[in-house]
Amino acid sequence: MDSFWELLRGLHDSYGINLVHFYDGFERGRLLRGMWTTVKLAVICIVLSVVIGMIGAWLQGSRLKLLKALVQGYIQFFRNTPPLVQMYFFYFALGPQMPRIVNEHGIAQPMLGSFEWAVLSLSFFAGAFNVEIFRSGIEAVQKSTVEAADSLGFNRLQIYWYVVLPLAIRFCLPALNNNLVNLAKTTTQAYAIAVPETLFVASQIWSDRINVFEMMITLLTFYLLLVGMFVWIMARVERALHVPGFGR
Amino acid sequence: MRRYQGDASCAGPAEPAPPAGESGYTAANFTPRALAIVLGVFCVVVLAGEALAQMRSGGPSRSIVATLVAWTPLILFGPPREFGGFALNIAVSFLAMAIGTVAGLFLGIGQISLSPAVRKVSWAITQFFRNSPWLVLLFFVMLLTPFQIKIAGYTIPLPAWLKATFGLSLPVMANFAEIVRGSINSIPTSQWESAESLAFTRMQTIWRIILPQCVKRMTPPWMNWYAILTMATPLISIVGVNDAMTLTQDALAAEQRSELLMPMYGLLLVFFFVYCYPIARWTIYLERKFAVRS
Chain A
1 MDSFWELLRG LHDSYGINLV HFYDGFERGR LLRGMWTTVK LAVICIVLSV VIGMIGAWLQ
61 GSRLKLLKAL VQGYIQFFRN TPPLVQMYFF YFALGPQMPR IVNEHGIAQP MLGSFEWAVL
121 SLSFFAGAFN VEIFRSGIEA VQKSTVEAAD SLGFNRLQIY WYVVLPLAIR FCLPALNNNL
181 VNLAKTTTQA YAIAVPETLF VASQIWSDRI NVFEMMITLL TFYLLLVGMF VWIMARVERA
241 LHVPGFGR
Chain B
1 MRRYQGDASC AGPAEPAPPA GESGYTAANF TPRALAIVLG VFCVVVLAGE ALAQMRSGGP
61 SRSIVATLVA WTPLILFGPP REFGGFALNI AVSFLAMAIG TVAGLFLGIG QISLSPAVRK
121 VSWAITQFFR NSPWLVLLFF VMLLTPFQIK IAGYTIPLPA WLKATFGLSL PVMANFAEIV
181 RGSINSIPTS QWESAESLAF TRMQTIWRII LPQCVKRMTP PWMNWYAILT MATPLISIVG
241 VNDAMTLTQD ALAAEQRSEL LMPMYGLLLV FFFVYCYPIA RWTIYLERKF AVRS
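So the protein lines, in turn, are chains A and B. Each residue of the first sequence is one higher than the one before, starting from 1 at the first, in the working numbering. Each residue of the second sequence is one higher than the one before, starting from 1 at the first, in the working numbering.
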């Protein structure tokens with residue numbers, strides 16, 4: 001490995017191709033930590049937003065008019081406002097209103113840091129889309145299937161959890177994948193509230209080491225790999241969940 | 001058990017999965033109530049801020065509503081004799097959409113080219129820009145294009161907002177290319193064959209027969225992407241353009257009052273909502289109107 005880093009260092013010395021974020025141990029370390037933060041952020045947001053989508057879609061089937069209107073308001077609001085402004089609203093406007101806690105050094109700090117706020121705002125943003133996606137899947141579940149479950153004595157929650165949702169998820173997987181890929185890409189916006197994710201770390205490195213072009217290429221490659229990997233995994237999931245007799 | 005019942009006639013998924021990149025706005029159930037709810041919540045936020053201010057401040061300070069009203073012209077139209085604010089966001093969205101649409105049209109046609117080389121290159125460009133995060137592309141364009149270009153003795157300055165517009169148009173271009181490709185592929189083959197039998201050249205077939213038929217089915221996803229683009233415009237504040245987001249933060253910095261945080265950011269959210277929500281509704285309307293019954 002060391003000889004490879006030496007090769008990259010040589011590339012800089014002889015050709016001016018500055019890949020310092022690979023061969024320098026310190027820069028490499030913080031870049032890798034940034035990438036890890038991005039992956040963590042993406043995974044937590046994906047899980048949370050899917051949960052929000054499931055709950056929201058279930059609430060939309062409620063008999064209470066007020067509850068339905070609230071869910072509808074949430075969806076429309078989060079879908080029709082910029083995610084960046086939402087993030088600022090959460091972090092700068094809601095953040096200071098939160099109670100403060102005392103950390104182990106005896107210093108008062110906000111209860112939620114920038115990472116947590118990024119997770120919350122991104123999850124609510126993507127969750128709004130997921131509610132609609134799940135709902136379209138639920139609407140595609142045949143009436144006869146629901147009636148069959150009803151006649152077998154399932155209650156409302158059981159029908160939703162054991163019968164409707166498993167089918168609905170399969171129906172809406174393509175749309176869901178799409179939205180989740182978008183979510184993974186939107187995690188870059190956490191840059192704006194100084195979450196040390198890949199873009200943030202990259203901008204620090206290119207400011208310190210003046211290697212904007214090389215860093216940019218690395219950054220774009222990283223995100224293409226990340227999205228590519230996610231798409232590959234979801235395609236596997238889609239195949240694994242396939243129910244015979246539906247679709248092609 | 002009426003809740004889960006879908007359209008009784010459809011056995012499988014209610015609708016084919018949208019092509020990649022067209023996420024969102026699919027089966028929305030829009031009600032004008034949503035607008036009322038959002039505006040109502042905003043009023044509650046402002047009133048809560050007002051109450052908070054009453055409790056905290058000892059000295060005389062302007063009421064929240066008066067402060068919001070005072071800053072609104074700046075946030076909407078930018079500083080006097082300068083172009084900025086929410087109007088700039090809209091202008092950037094129009095321009096980026098125009099650039100993205102024209103470039104995406106050619107990129108989409110390139111993807112169905114008869115030459116394998118053109119096809120592969122167009123495909124690669126589309127995938128690259130479609131799968132990169134907007135903010136990274138924005139940084140890419142902002143930092144790697146010069147601030148002015150010299151052509152034959154003329155110096156053409158490239159202001160930051162123009163570069164940002166170009167940066168935002170790249171993902172739009174790639175996504176619109178996919179829409180173009182998808183809708184061209186959805187035109188029945190018989191259309192191509194009849195055109196051929198009438199001795200149209202390939203170029204004529206595409207421009208005079210296929211694309212005009214595509215316009216209708218491309219419009220709803222195109223509008224959807226316009227809304228997505230508009231909601232991405234605050235990103236240009238990160239790279240230092242005087243848009244509504246930057247000015248809101250400037251206003252907050254000038255006021256130095258923490259009880260203004262929620263109302264001010266809320267106001268900005270409401271601006272975007274009031275602009276984007278009708279577009280979304282109209283998109284749904286057109287989508288339903290143009291829907292092909294199978």
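To be clear, the hints were calculated from the coordinates, so they are not data collected in a lab. Do not rely on the hints blindly, as some may be mistaken.
[Claimed, not checked] Listed below are the simulated SDA-like cross-link pairs for lysine to any residue, each with C-alpha atoms no more than 25 angstroms apart in a straight line:
no., chain 1, residue 1, chain 2, residue 2
1, A, Lys143, A, Gln158
2, A, Lys68, B, Trp282
3, A, Lys65, A, Arg9
4, A, Lys65, B, Glu50
Right, here's what the structure says about each hint:
Distance restraint check for Lys143/A and Gln158/A: the Cα-Cα separation of roughly 16 angstroms lies within the 25 angstroms cut-off, and the hinted pair is therefore satisfied. The straight-line distance between the Cα atoms of Lys68/A and Trp282/B is roughly 22 angstroms, inside the 25 angstroms bound, and the hint therefore holds. With a C-alpha separation of about 65 angstroms, the suggested pair Lys65/A and Arg9/A falls outside the 25 angstroms cut-off, and the hint is violated. Restraint check for Lys65/A and Glu50/B: the C-alpha separation of about 30 angstroms exceeds 25 angstroms, so the hint is violated.
When held up to the earlier numbered hints, the structure conflicts with 3, 4 and fits the remainder.
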